[in-house]
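Undergrad: Working from the sequences, and respecting the hints, build out all of it.
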Amino acid sequence: MLVEYDKTCRYLAAIDDIATLTEYVTNLHDCFGHQDRWSIFSRNISVAAGRWAEELRKRRQLA
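Per the numbering used here, the very first residue in the sequence shown carries number 821; after that it's consecutive.
Source of the hints: derived by calculation from the structure; they are not laboratory data. Watch out, some of these pointers could steer you wrong.
Restraint ranges, calculated between C-beta atoms of paired labels, are given here [stated by the list, open to error]:
| id | residue 1 | residue 2 | range |
| --- | --- | --- | --- |
| 1 | 875 | 850 | 15 to 25 Å |
| 2 | 838 | 883 | 31 to 41 Å |
| 3 | 856 | 836 | 25 to 35 Å |
| 4 | 870 | 846 | 10 to 20 Å |
Here a beta-carbon is modelled for each residue, glycine too, at the ideal position from N, C-alpha and C.
TA: Now the structure itself:
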């Protein structure tokens with residue numbers, strides 16, 4: 821699941837597929853959100869998601 825997660829997020833953000841991006845990030849958060857390293861993943865996902873990062877924060881998927 822973590823293989824190239826940033827590229828997957830970048831791609832979904834680039835094609836404006838917020839529904840799939842949200843689902844993907846939700847799955848990542850469900851699997852790894854309780855781990856200390858989630859802050860690193862969250863930061864990387866925020867960069868990859870670009871303009872969609874704020875929407876993901878509103879949905880409480882990113883820190």
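Undergrad: Compare the structure with each hint and give your call.
TA: For each hint, the structure was consulted:
{"no.": "1", "hint": "875 / 850: 15 to 25 Å", "verdict": "18 Å, holds"}
{"no.": "2", "hint": "838 / 883: 31 to 41 Å", "verdict": "19 Å, violated"}
{"no.": "3", "hint": "856 / 836: 25 to 35 Å", "verdict": "32 Å, holds"}
{"no.": "4", "hint": "870 / 846: 10 to 20 Å", "verdict": "18 Å, holds"}
In this structure, only the earlier hint numbered 2 is contradicted, and the remaining ones agree with it.
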